[in-house]
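**Q** Start from the sequences, fold in the hints, and give me the full structure.
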Amino acid sequence: FHCCGSNNSRDWQDSEWIRSGEAGGRVVPDSCCKTVVPGCGRRDHASNIYKVEGGCITKLETFIQEHLRIIGAVGLGIACVQVFGMLFTCCLYKSLKLEHY
175 FHCCGSNNSR
185 DWQDSEWIRS
195 GEAGGRVVPD
205 SCCKTVVPGC
215 GRRDHASNIY
225 KVEGGCITKL
235 ETFIQEHLRI
245 IGAVGLGIAC
255 VQVFGMLFTC
265 CLYKSLKLEH
275 Y
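Each residue of the sequence shown is one higher than the one before, starting from 175 at the first, in our numbering.
If you are wondering where the hints come from, they were derived from the structure by calculation, not from laboratory data.
Glycine included, each C-beta is placed from N, C-alpha and C at the ideal position.
Accuracy of the hints is not assured; some may be wrong.
[Stated by the list, open to error] Quick list of simulated restraints, FRET-style, between CB atoms:
#1 T236 with K271: 51 to 59 Å
#2 I245 with S205: 35 to 43 Å
#3 E235 with G213: 28 to 36 Å
#4 R184 with P212: 19 to 27 Å
**A** See the structure below:
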């Protein structure tokens with residue numbers, strides 16, 4: 175999505191991960207870098223970090239809105255398959271005869 179943080183790159187300042195030793199001195203995760211190379215999150219420079227592009231929440235909302243018809247069609251298709259499966263199961267159940275021993 176070419177984004178960094180929920181709202182912006184400053185969201186990472188309060189992150190537990192950034193404060194931990196796992197971050198390795200990074201200011202932001204390497205995934206926030208425009209050119210991803212190991213350790214690039216240590217340099218908090220606007221030319222390399224997705225700062226002004228906005229947060230990932232707005233990018234995700236935009237993506238969902240742009241693809242809502244496809245998402246809805248897939249959901250409707252899955253629902254139809256479920257209904258047909260349920261009808262087929264009911265028909266199969268009615269056609270079975272109980273065997274008495």
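**Q** It remains to establish, for every hint, whether it holds in the given structure.
**A** Verification of the supplied hints:
1. T236 with K271: 51 to 59 Å: Roughly 57 Å apart at Cβ, these two residues keep to the hinted range, so it holds.
2. I245 with S205: 35 to 43 Å: Once the Cβ atoms are compared, 24 Å apart, the range 35 to 43 Å for S205 and I245 is violated.
3. E235 with G213: 28 to 36 Å: With Cβ atoms ~31 Å apart, the hint holds.
4. R184 with P212: 19 to 27 Å: Holds, since R184 and P212 (Cβ atoms, about 23 Å apart) stay within the stated range.
When the structure is compared with the earlier hints, a violation turns up for hint 2 alone.
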